[in-house]
Structures are given as C-alpha cells and as structure tokens.
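Here are the chains, one letter per residue:
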Amino acid sequence: MSRLQADHLFKVFARRPADETAAVRALVNGADRDALREDGVTAAVVDASFVVEPGQIFVVMGLSGSGKSTLLRMLNGLLEPTAGRVLYDGDDLTALSPRALREVRSRRVSMVFQHFALFPHRTVLENAGYGLEVQGVPRAEREKRAAEALELCGLAGWENSWPDELSGGMQQRVGLARALATDADLLLMDESFSALDPLIRRDMQDQLLVLQKQLKKTIVFITHDLNEAMRLGDRIAVMRGGRIVQLGSAEDILVRPADDYVASFIQDVDRSRVLTASAVMTSPEAGAEPDPDAPVAGPDTLLADLCALAAEGPHPVTVRDSGGVTLGVVRKEKLLAVMGGLATEGVTAHA
Amino acid sequence: MPELPLGSWVDASVDWLQARFSWLFDAVSSGITGLYDGIDAVLSAPQPLLFAGILAVVAWWLRGLAAGLLSFAGLALVDSVQLWDEAMATLSLVLVATLVTLVIAVPLGIWAARSKTVSAVLRPVLDFMQTMPAMVYLIPGIIFFGVGVVPGIIATIVFALPPGVRMTELGIRQVDAELVEAAEAFGTTPRNTLLRVQLPLAVPTIMAGVNQVIMLGLSMVVIAGMVGGGGLGGAVYKAIGNVDIGLGFEAGVSIVVLAMYLDRMTGALGRQVSPLGRRALVKARAAVARRRTARLWAHRPQPVTALVGIVVLALVAGGTGFLGGSGATSTAASGAGAGHGKKISIGYIPWDEGIASTYLWKELLERRGYEVETKQLEAGALYTGLAGGQLDFQTDAWLPVTHASYLEKYGNKLEDLGSWYGPTSLELSVPSYVKDVKSLADLKGKGDRFKGRIVGIEPSAGMMGILKDKVLKEYGLEGEYEVVDGSTPGMLAELKRAYDREEPVVVTLWSPHWAYSAHDLTKLADPKGVWGKGDGVHTLARKGFSEENPEVGAWLKDFELSEKQLTGLEAEIQESGKGKEQEAVRAWLDAQPGLAERLAPQ
Chain A
-12 MSRLQADHLF
-2 KVFARRPADE
8 TAAVRALVNG
18 ADRDALREDG
28 VTAAVVDASF
38 VVEPGQIFVV
48 MGLSGSGKST
58 LLRMLNGLLE
68 PTAGRVLYDG
78 DDLTALSPRA
88 LREVRSRRVS
98 MVFQHFALFP
108 HRTVLENAGY
118 GLEVQGVPRA
128 EREKRAAEAL
138 ELCGLAGWEN
148 SWPDELSGGM
158 QQRVGLARAL
168 ATDADLLLMD
178 ESFSALDPLI
188 RRDMQDQLLV
198 LQKQLKKTIV
208 FITHDLNEAM
218 RLGDRIAVMR
228 GGRIVQLGSA
238 EDILVRPADD
248 YVASFIQDVD
258 RSRVLTASAV
268 MTSPEAGAEP
278 DPDAPVAGPD
288 TLLADLCALA
298 AEGPHPVTVR
308 DSGGVTLGVV
318 RKEKLLAVMG
328 GLATEGVTAH
338 A
Chain B
199 MPELPLGSWV
209 DASVDWLQAR
219 FSWLFDAVSS
229 GITGLYDGID
239 AVLSAPQPLL
249 FAGILAVVAW
259 WLRGLAAGLL
269 SFAGLALVDS
279 VQLWDEAMAT
289 LSLVLVATLV
299 TLVIAVPLGI
309 WAARSKTVSA
319 VLRPVLDFMQ
329 TMPAMVYLIP
339 GIIFFGVGVV
349 PGIIATIVFA
359 LPPGVRMTEL
369 GIRQVDAELV
379 EAAEAFGTTP
389 RNTLLRVQLP
399 LAVPTIMAGV
409 NQVIMLGLSM
419 VVIAGMVGGG
429 GLGGAVYKAI
439 GNVDIGLGFE
449 AGVSIVVLAM
459 YLDRMTGALG
469 RQVSPLGRRA
479 LVKARAAVAR
489 RRTARLWAHR
499 PQPVTALVGI
509 VVLALVAGGT
519 GFLGGSGATS
529 TAASGAGAGH
539 GKKISIGYIP
549 WDEGIASTYL
559 WKELLERRGY
569 EVETKQLEAG
579 ALYTGLAGGQ
589 LDFQTDAWLP
599 VTHASYLEKY
609 GNKLEDLGSW
619 YGPTSLELSV
629 PSYVKDVKSL
639 ADLKGKGDRF
649 KGRIVGIEPS
659 AGMMGILKDK
669 VLKEYGLEGE
679 YEVVDGSTPG
689 MLAELKRAYD
699 REEPVVVTLW
709 SPHWAYSAHD
719 LTKLADPKGV
729 WGKGDGVHTL
739 ARKGFSEENP
749 EVGAWLKDFE
759 LSEKQLTGLE
769 AEIQESGKGK
779 EQEAVRAWLD
789 AQPGLAERLA
799 PQ
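Keeping their order, the protein sequence lines are chains A and B. Quick note: the first sequence uses the working numbering, first residue -12, plus one each step. Quick note: the second sequence uses the working numbering, first residue 199, plus one each step.
Just chain B, same shape as in the assembly:
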C-alpha cells in the first residue's frame, strides 16, 4: 500500500486556514472569551455561600426541600475545599459551551427533522464528531484559538453537539404523525405546527439532549484543563500531573457535585417546561401529599416565592460581591513596584525544575509589582501558546537537543533568553538494588526481569523521541523493551511503588532531579553517547517580549541557578506539598539572603 499522507494534508489545511481566516478565529475567540468572562464574572461575584443559597432555592423550587438542602450541602462542600472559584469557572465554561451548543444544535436538529436530505448528510458528520476522540480537537483548537478556555469550549461544543442535534431531531420526529396531520388538516402553517405541536411535544426529548450536552461538557472539563482551561479541570490536571491524590479527589468530588446538581436540575426543568411533564408532576405531588413526612421533604415553594427568595439573595449577593470586589482591588494595588500591575503569563510543564523556576519567577515578579499568571500545560500546548502570544515566557526549554523539534517548528516566533542551568543529562535509571545493570548495554537480554517495559514520561517530551528512535536501536533493545508513554508523575509514582517493593524497574530520568536524592538509583551509562551532550535549560519568550519588557527580559537573560540551588528549591517545594509552591519559594528565598535582589534587581 502506498502511504497516504492524510495527516500532512490536514496539517497543511490547518496552516492554510490559520493563515487565511485568523480574523474569523480571533472574532470567535473574543466572542467566546467575552461570553465566558461575563458569565464567570456574574457567577463569581457573590459570596460563595450566598450563591450556593441561590442555587439551593432553585433546587428547592424545582425538586423540593430535600434537593434544596442537599444542593446547599454539596456546594458548601465545594467551597470548604477551597475550590469555589474553580467550580464557578468550570460552571461558566460548561454554561457557555452548552449555550453555544444549543444555539447551533436545536435549529440543526429541527432542520434535520424536516428534511431527509439534511438528516442524511448530518448523520455521518455527527458520527464523526462524536466518535473522534475529543482530545484531537484540542490540537487545531489551540492553533486556531490559542491556549486558554476557548479551545476547551470549542472542543466541548464539537463533542457535545451531536447528542443535541440528534435528540432534537428524534424528539420532533417521534411526535405522532397523526397529530402533525391533524394540525395540518386544520390549516396550521408549518411554522405553527412546529411551534404549537411538534416542539412542545418534543420538549422532554430535547431536554434530555440538553442534559446530555451538559454532562458531556462536564466530562470535557478535565481535557479542557490540559490546554489551560482552568477551573476544576485545571485542578484535576494539576493533581494528575503531581500525583496529588488529595487535590484530585477534592476536585473530582466538586465536579461530581456540579454534575449532579446540573443533571437533576435540567431534568426537573425539563419536566417543568414540558406541558406533559408539568401534568405528571401535579399528579405525582397529589400522590405524595397523602403521606405527611414525604410531603415535608417534597415541599416546593410557589414559583413566586422562589423568585422572591432568589431576588433577595441575589440582591444581598450583589451588594456583598460589590464590596468584596472593591476589597480585592485594594489588595492588588498594594503590590506596587516597577511592574505597576502589568500582566505577565508564564506557562510551564509540570516537571520539577519547571515548577520550581516558574514559581520562583512568579514570586520575584510579584514582589516587583507585576501581576503574574501561571498556566500548567502539556508541552505541545505550551509551545503553541508561546508562539501564538498567549503566554509570555516559559523557563523549561531543554535545548539544543531535547526540545529541538519544537524550536524547529516555532523557532521564528520565539525568543531564546538563554540558559539558566546546565548542563543537564538524560538517562535511563534503575534502582541500585538491581545490581548487574550498570549500563544501557546491560539491559539486553534482561527484558523478562523488567517485564519488557521502560517506564516513560509524556510522549511529547523530547527525550522520549530520542529514547524510542535512537537509544533502543543503538543498544539493540528494540522488540525486547516497550517504552510506556505516561507522565512524569506517573513515572515517579511507578518508581516509588517498585522501589518500596524492591522490584526491578527501568525509568526515564534526567539530571538534575530530586528523585536521585530520594531514592538510591543507578544512572545507566551511555558508552555510545546516544543521548547526546547535555542540554541547557533555557528560558524562551514569545517574540518581542523582551523589547516590550526590557527590565524583565534583562532579568531573565541573567537568570542562573546552581545545581545546589535548584535541587534545594525543588526539595523545599516537594516538602511543602502541592498547592503551596509559592509559600515554599518564599521560605526558600528567605533562606537565601540577597538572592532575590540579585535575580531581579530593583
């Protein structure tokens, strides 16, 4: 079979689209960002508990007292694990995605229900959209729209659109043909047949579609977190990246709370807006009314009462939100300095030296009056974001070898601010209790002991490419060993697990790394020099950054850490635990008198 360059055609067309229609993508991007920011601003304005109260009253009205109380308890839990802002960001993301999806899906569904041709054309397209793994959409998404919430929302929309369209079409098509004929027989116009007969009767099915759209949106939240979508998805991604079970669980539970709330409320809303559903509700309530205890829990306020309650809470919330807002501005203003509140955004891959250096610069720049935002990203997304200008700089580029492929692709849109650490080395390592393996050559013939696996890190990492393409070949390990793609934290967790049980394991590692101080490991020698000479860890900025920010540019160019400093900082962060990186940096800086002044002179 000749090779079909399908991938490169898609590549080429994506490039072409980006070049030709960037104005369109920018418009879409700013539209969605605006919508997202607007909704997020409204949702995050009130005090968390007040807003939880508003949501609980909605639940009380739609489903009864028990649902109201449970909603409040669930939302209070989200607030108490300090994930309220993330939860509201996620809620905004889901709402924006749902809104846009429905605006597209419902008319499409109606059109498909009324035209066999449209339906026949749409079906394979929808199948394609739904079955294509959603993460695939993220790649062009980042290229077109840059990192942040937009590609996440776009991927969510593409992913959630099919059930929305399908359920609308199904809902309308399943309306009894005799009813439609009856409407026509009495001279109803097609438009009114749709509005008075088909749509009202299709509402339960359409609402089931809305419900699915929301649930799919929530399931996409984590994936959106990988491209800087933030919110609970970002928290989950961070937790995965750091093997932080606690944070992962908290964020996961928060997503579950949101999912359950949205699921139950859209279900109830579906019954509420559908004429038939309303009738079923009345009947069910009449049945419940006969049992006294059930009556209490199922009690639902009159819509007017509920509305008054929501308005009162909203007014209170608006008032406190306003006060809280002004409080927030005053704290931001206190960090005055050379930066004058100028915004800088740093991207990082959750590798230890990346986390350490990123939070070091976040702390330093904030001390100098900049407003710094950090975004944890996957390596590919990081470079795309930097090239596209959504990120200002990153501190973890391994050059000239490991990240060469990215530089090749985006080099002309990036600015190398020089190496701040080096040389580094890449290697495979085994625990030192594996006595007879000291060199890469020793691995040959011992595949069975290691279950034929080399525990790798992110497939996008440069060293993974070198390992697969060169190292295995040069040492004749191909076929005997399989390189397992995963993540740095996953690799470290696997190393720890095997180490604790004294099982043989081969992992990909690099120096410097705190793992060498935590465990007793043997770096496998590379007599053939396949891994290449050590890289320097470089700081890369978007093109034009140091021109616009000469001061920061100069600081970054002069940035340098010794191995002792870097491993010390990494260890400090490791000890403090996740989520306290910046505190760790502060403590470490305090123990290094004058360092802050040297790195970022005032």
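For reference, chain A alone in the conformation it holds in the complex:
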C-alpha cells in the first residue's frame, strides 16, 4: 500500500469560499490560471496527484510561486485543500476533525522548515523534544529520546546550548532532530537546506541520505534546486504554475523532459552525477567477448566515475551486475555525446 497519496488536490485562494469552489470547477474544465488571477482568484495548486511509497524520498521541485510549499502544507493539513483528498496510510486527512488532524500531526507526520523555525526560548534539547512534549511524553523519556535524535544528527554535546549559539547547519540539524524524535513515518521537508551555504547544504544532503538508509522514513522534500532534487529524489515532481508538469525519476526528467520548461531547467544539471551506466550502455555486440583488459563498472555507476574509467585505456567500459553477468558496454563516443547533452535519443531511462 502506498504511504501517501495525493488525489486531485486543488488549493485556490479567493475572497469568498464560493469563488474558490467555482474556480476549481473552472480549472477542471480547462480554465487558465492567469485568467482566474484577473478575477482576484489565486490558484496555488491545480490538480496535483501523486503517490509516495514507504521509504521513498519524493521531491517536489519548482521555482518560487509554483505552489510547491502550498502543496506540502496540504499534506499535513496545515492548509485545507479546496478540492481533492490526501490519503495517508489509507486515512483521508481531509475528512478528519481538527482534533484528529492534530493527533496525526503530532504522531505520524513531522516537518522541517526552511528557516529552521527553532523556538528561541528553548534549549537545543527542549527544541528537539518539542514534538514529544506535545504528545505528552513524560519529561525523562522525552529528554532521552530527544538526546538520541540529536546524537543521530551529530549534535551530541550541544543539548544545553541555545539555538542562536549554533551555526545555520547545526540549527537545521536540530530541526531535523526535532522531526525525527517523534518517530513519525512521514517527514515533510520544506526547502530545508535552501538557507544553508553550498558546502553545508551538500553535507546535509549526504547526511540525510545516510540517515534515510538507516531509518527508512517516507520523505516529501521541497526544493527549487534541481541538482538537489536529482541527488535526493527517488521520484521527482516538477511543478510550474501550480501544476505538476512532470513526474518521474531523475533520469526520466533528465533524459526525457516533458516540455520545454523542464528542458530549460535541466540544462544546468550536472548530468555526470545523475545519469548512471545503465542509461548510456549499449548491448554488447553479439558473440563478441569484451576485452579482458576493459575496465568494469556496475549499472549504478555514475557517469562521472565512468569517465574516469574510460580514460584508463582504449577499450569501452564493460557493465556487469553484481552477479558478474555482462549487461552491456559504454562507448566513449556515446559517453561524450551524453555528457555534452546531445543524442538523448537512444539513451534508456531506468525508472
């Protein structure tokens, strides 16, 4: 069963509620978002549907104003959808009473914010334990679990510091620890690394991936940075003007952009760190045994690493799976063409 499902979500802001539902009907019938805006109606999210499986990192990518943050806030009920449903482990969040919704938010979903949103009047430990405090966990246990979460995020020893004494990266670790401490399965991350400088951002991305291997949470991650989206996302939704314009894996998007908008986006993406050998290999020629001197790579080897291997000798790189079965070869010409952004046809995408 999917962990999280968004089912035709709409969020429209208008002065009167009646206008909102009318606008949703108009949008369903194909009305233009810009035309609605002239009537003072803002369609923030239009017909968003997706499924997130347990243990997945689902990235929503889009520029500011694309509706991604609004979408995220409908997933934990901070905003009520104008139309559509959010199913969480099969429960319809939109049908819950405010009280039941708060219960979901305190136990099953947690959130990490762009500007950390740490409570300045609480110590690091008290911040990390906030969710547990809301749940009503007794103090001793709360502090123990908060300290564990902090340790997990590499902040052991900082428990009694105050948020403003920490660097940005460390503050966001506290934010992450606060979200992890509640043991919620679903983690909503709203541009959580955008406010950090690039080196720290990379560190945090790495750490998130390491943690994810260990904890297997389900994560919805919002970002405006496609490189970040590609690095983290098992699946990526690209949003524009409130609509999801493409939904797929990093390779899908890179290799087969749904439209010019997405295509213009991916120009700046570092392909060598996103595409893998399986995307650029060709079937070995029938009967031809690969040269024994040829370098060997796995199907998940990144293009960047393939380039290094290819440079070692004159031979194409052989791609073998972990069982030693040859899957294909990667030719230098092909490698160079793909790296240069040419010849996307013939490149296979493995979702």
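Since the hints were derived computationally from the structure, they do not count as laboratory data. Model, not experiment: these values are computed from the prediction. Quick reminder that beta carbons are idealized off the backbone N, C-alpha and C, glycines included. Please note that the accuracy of each hint is not assured.
Examples of chain B residues lying across from chain A (beta carbon under 8 angstroms, computed) [as the list claims (entries may be wrong)]: (1) E379; (2) A380; (3) E382; (4) T386; (5) T387; (6) P398; (7) L399; (8) F447; (9) P473; (10) R477; (11) G674; (12) E678.
Over the 12 angstroms line for every Cβ pair with chain A, so calculated as not near, a few chain B residues [stated by the list, open to error]: (13) P200; (14) S417; (15) R498; (16) E606; (17) Y608; (18) G609; (19) K671; (20) V682; (21) R695; (22) P725; (23) K726; (24) K741; (25) G742.
Position chain B relative to chain A; hints supplied.
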C-alpha cells in the same frame, strides 16, 4: 452648516446612563475603591523607611546593588519631604489602574492578534481613547462615580488601555509566523501555541506595554488630583492652585522618584520573566564579572536571598505597622466631643475665602469631635461631588449671581444653609499706577497697552461667564480684549509680576480679597451695573445633611464673618505659608477669644 447638537446628545446619554445604570457604576465604584483601599492599606502600613528598604531589596535583586541603593535614597527623599503617605496613595492608584488595565488589555490584545475583524474594530476605538484629552473622561467619570480616586482611576484606565492592548497585539503578531507554523505542524493546540510559543516570545513587548501603562498612569496622577484623587497628584494640584513652588517641586520630584523606580523595575522584571531576556542577562553578567568594581555595583542576590530579605523586612514592617496603627487609633479617640468621630467631608475651590472658611470649619468641627476631611476641587467637580453626596458641604458658593448656573443644574440636590458673608463685589482691577483707567469704559481703545489681555481665573468660575458674555459686550471691549483663562493663583502671580515691574495689567478680582491690601489697586467702576449686585457667600450642603447633622447644620446656618474677620483670617493664612492653613486658623482663633464658642457652641 446646521448646528449639530453632538454635545447635548452626549449630555443626554450620560444622564440616561446615570439614571439607568447607577447600580452598575456603584458596583464598579465600590469594587475599585475596595481594591484601592486594600492596596493602600498594605502599602501605608509599614514604617516608611522599612518599606523603602523592601522596595530597595527588590531593586537590588532585579537590577543590582547600585539600583538598590539609589532606590532607597530616592524613597528616603520622598519620606523626608513629608510626602510618603501621598506617594503611597499615588502608588496604590497607579497599581490599581495598572492592574485593571492589564486585566482588560492583555486578553483584548490577544483577541485582536487572533482576529483581524477584532483588530480592525478595536483600532479606531483605541485611537479615539488615546487621543481624546484625558481630562475629558473626568467629566462623565465624576458624574458616574463621584469625586475621589475612582474617576481618576477610571480616566487612567481609559487613557492607558490603548498601549496595553496594542503592545500585546503587536507582541503576538510579531512572533515569527514560521514558529507558529512549526508549533501547529507538531500538532500543538491553538491554546498551547499561544501559551508555549506566542506569549513567551511576546513577553518583552507586552512588558514594554506594561511599562507604558504605568508611565501613563503616573502622568494621569496630577489630573486625577483635580477630582479629589489625592496623593501626589493632589499635592501637585494644590501647589499649582496656591502657586506654591516649593510644594510643587517636592511633589514633582516624588512623582519622578516613583516613575523612575517603576520604570526601571518593570523593565528589569520584563527581562526577568521573559525567557530570552533572562538569557541576555546571564550573558551581560558574565561580561560584567570580568571587571571587579563593576561586579560590586552590579551584584545581585540570589532570588532566594532576596525573598528572605523581603520577608524579614515585611515581617518587621508588619509588626511595627500594627503597633503604629494602634497608636494612630488612640490619637483619633482623644478628640472626643459631640461629634463622636463622625466623618464630615468639606470640599473647596482654592479661592482665598474658600480656604479660610473651610479650614476654619475643619478646626472648629475637629475641636467638637468630628473627623473632618477636606478636598480641594475644581468648581465643576465640587458641585457634582456635592450633588452626588460624596461631599457634605462647601462654604464658597457665590449666590445668587456668580454660581447661578450650578444651582440651576444641581439646585434640587443641594441645601442652601445661607450666606455667611456679604455683599461681595466682582470687578476688573488695574494697578493704581495705571493712572488714566478708572472705569470699565476707560479700557476702550487702550487694548495695546494691556497687550489686549484681561487676566482671568478658572474658566468654570461664574464671574468669567459674566465677564465674557456681558461685560465685554456692554462696554464695547469685544475684539479688543481677550479674556485669558487660567487660575486664581495664576492670575495673582501675573498681577504680582506685573506689579513688581510696574507694567500695565487688567485682572479679574473680587472683594473681599487680600490682594487689595497687598497691592495698591484700582477697582474699575461699573457705571452700567453689568456685574450685578453683590453676591452673598453661601454655605451649600448636600440634600439631607442638616437633617442628619442638626447640630452642624444649625452652626453653619448661623455662621457669619465680618470683612475684618475674613481678611484678617486670610492674611494670617497667607503669612503662615502653604500647608499650614490649620495652624494659621488656630493662631487666629486664639487671637479671637470666644469666637470659636460663638460659631460652634458646645
């Protein structure tokens, strides 16, 4: 433009409210009076210096040793100028006003922060409340609640409420929206979001609001003094009324001491109760700890030590206060007589014959065993208080002409005990060195010499109305002269100043007045008789007073003074200096053998 009778509508609705909701006003009044009396009783119970010590320990704890010592010095100064009781009364007034204000303002501010509609509705109301001159509230205040501390407190509350509400709303609204969202995202209930996130982070701003409320309260103290609020405000008002620079300065300095103490302490308390402020304090202290001398002055006792100190001082204070209290009762009991300690309250306008006759009766009644309270009031407040029964009588009603308008309004709630002096006369006077002006008619065409000004007295005085409405018109002085509203002491001070420099000046005066013996003045003749026939100075009591107090009523009905007696008494008071009126009366009575016995026979 047609005339819009806005004023009379308000008048009518105030009357209607008073008639319909007097039970409500009485309840509010007794609630506030009770609170005030309670706090005042606690604050005035201890020996002044002991209580100053308690306050100093609080300052030591909140701000350090230097602040503690300075507080003690300041409060000791207040005690040493003999204004301690007044200062405590003022402190009680400010505390009650602050308390009530906060009880109303903080919830309103929270409500406004959470609802745009409430905020939008409140904003113009608050603007109105804050910008309307605070004295305006006193008028309905007196009518609803009578003279005394209550209208002062109510006016203070109305005046101080807006910053309290605004700062609370601002404090909550300025809490980072992401923090509020974070709280909600973790399933916090709205109530707990308020209590755990918004309010703690809003505390510094709310405390700044509390500070403003207190400061506005203190600034209202003087105005409250005008309606019988007593305390330092009463002292200041009295000083203004009597052009007593010394008393004014002493009372003013005492208010400054209180203001500084309250300002610094609420500021420090704000840091103390706000979690963020506490942290900043710890840091600041760590920085100070590196310098040895600074460390001494900034030393602050542990809260427990401070608490123990306060408790010990309070216990000592409670003990001595108890003993002092029993001492006070025994002195009160010594004045036994026909009055048996019955309370009588006399109101007066700070006019010389009013002061003289009021203190004469205070002395006489006290000799006969009554407990007498005197309240200096503005004329309007005096009549309202008398009609409302908060005052028992006053001795300075000029009837039938000068105070006719008051009698018209309140006549059926008052009892005229007859004239004790008369006839009087009203006039404009110039120094006699202004040789060519002998009559009102002579003023015409000489406006330039007098800078076009006639120095007047309180605008509520009856003679001011006659002057403006009739005298100027009859003698064709309109446009050429402007009547300057002010106060009797102000007029006298201006007269003295001009007289000393031999400058031309026209003042409103009346006879009898000691000014005629102090300066050489010409009463301007009134050939057209516009000022009217002379008034008699009457004693007015609240309705039913002489029935309840037949003895005093009879004394007052028979009361009479000759011009020689009155001017002699006024001169005696003038010589003794302000604040010693009763001593002057005693000295004067001693020089008039048998008079006391004649005025109030035993």
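Tested hints:
Here the hint on B/E379 is kept, as its CB sits about 7 angstroms from the closest CB of chain A, short of 8 angstroms. The interface hint given for B/A380 holds, since its Cβ lies 4 angstroms from the closest Cβ of chain A, which is under the 8 angstroms cut-off. Satisfaction of the interface hint for B/E382 is found here, the shortest Cβ-Cβ separation to chain A being roughly 6 angstroms, below the 8 angstroms cut-off. Interface hint at B/T386: satisfied, since its Cβ lies 5 angstroms from the closest Cβ of chain A, which is below the 8 angstroms cut-off.
The beta carbon of B/T387 comes within 6 angstroms of a beta carbon in chain A, closer than 8 angstroms, and the hint placing it at the interface holds. Against a cut-off of 8 angstroms between C-beta atoms, the interface hint on B/P398 holds, since the closest Cβ of chain A lies about 5 angstroms away. Hint status for B/L399: holds, given a least beta-carbon distance of 6 angstroms to chain A, under 8 angstroms. Against a cut-off of 8 angstroms between C-beta atoms, the interface hint on B/F447 is violated, since the closest Cβ of chain A lies about 45 angstroms away.
Residue-level restraint check for B/P473 holds (minimum Cβ-Cβ distance to chain A is 4 angstroms; threshold 8 angstroms). Given hint, B/R477 at the interface with chain A, holds; its Cβ is 6 angstroms from that chain's nearest Cβ, closer than 8 angstroms. Because the closest C-beta pair between B/G674 and chain A is about 66 angstroms apart, greater than 8 angstroms, the hint is violated. For B/E678, the suggested interface contact is broken, since its CB lies about 63 angstroms from the closest CB of chain A, more than 8 angstroms.
Its beta-carbon lying about 40 angstroms from the closest one in chain A, B/P200 satisfies the requirement of being farther than 12 angstroms from that chain. Every C-beta of chain A lies more than 12 angstroms from that of B/S417, the closest at about 33 angstroms, which supports listing it as non-interface. The beta carbon of B/R498 is kept farther than 12 angstroms from every beta carbon of chain A, the shortest such distance being approximately 21 angstroms. The beta carbon of B/E606 is kept farther than 12 angstroms from every beta carbon of chain A, the shortest such distance being approximately 57 angstroms.
Under the 12 angstroms C-beta cut-off, the non-interface status given to B/Y608 relative to chain A holds; the minimum distance is some 56 angstroms. Every Cβ of chain A is farther than 12 angstroms from the Cβ of B/G609; the closest lies at roughly 60 angstroms, confirming the non-interface assignment. The non-interface label for B/K671 is consistent with chain A: the shortest C-beta to C-beta separation is roughly 62 angstroms, beyond 12 angstroms. With 12 angstroms as the threshold on Cβ separation, the claim that B/V682 sits away from chain A holds: the shortest Cβ distance comes to roughly 57 angstroms.
Every CB of chain A is more than 12 angstroms from the CB of B/R695 (nearest about 60 angstroms), matching its label as outside the interface. Listed as a non-interface residue, B/P725 keeps its Cβ farther than 12 angstroms from every Cβ of chain A; the least gap is roughly 76 angstroms. Listed as a non-interface residue, B/K726 keeps its Cβ farther than 12 angstroms from every Cβ of chain A; the least gap is roughly 72 angstroms. Every Cβ of chain A is farther than 12 angstroms from the Cβ of B/K741; the closest lies at roughly 61 angstroms, confirming the non-interface assignment.
Distance to chain A confirms B/G742 as a non-interface residue, since its nearest Cβ pair spans about 61 angstroms, more than 12 angstroms.
Checked against the numbered hints listed earlier, the structure breaks hints 8, 11 and 12; every other hint is satisfied.
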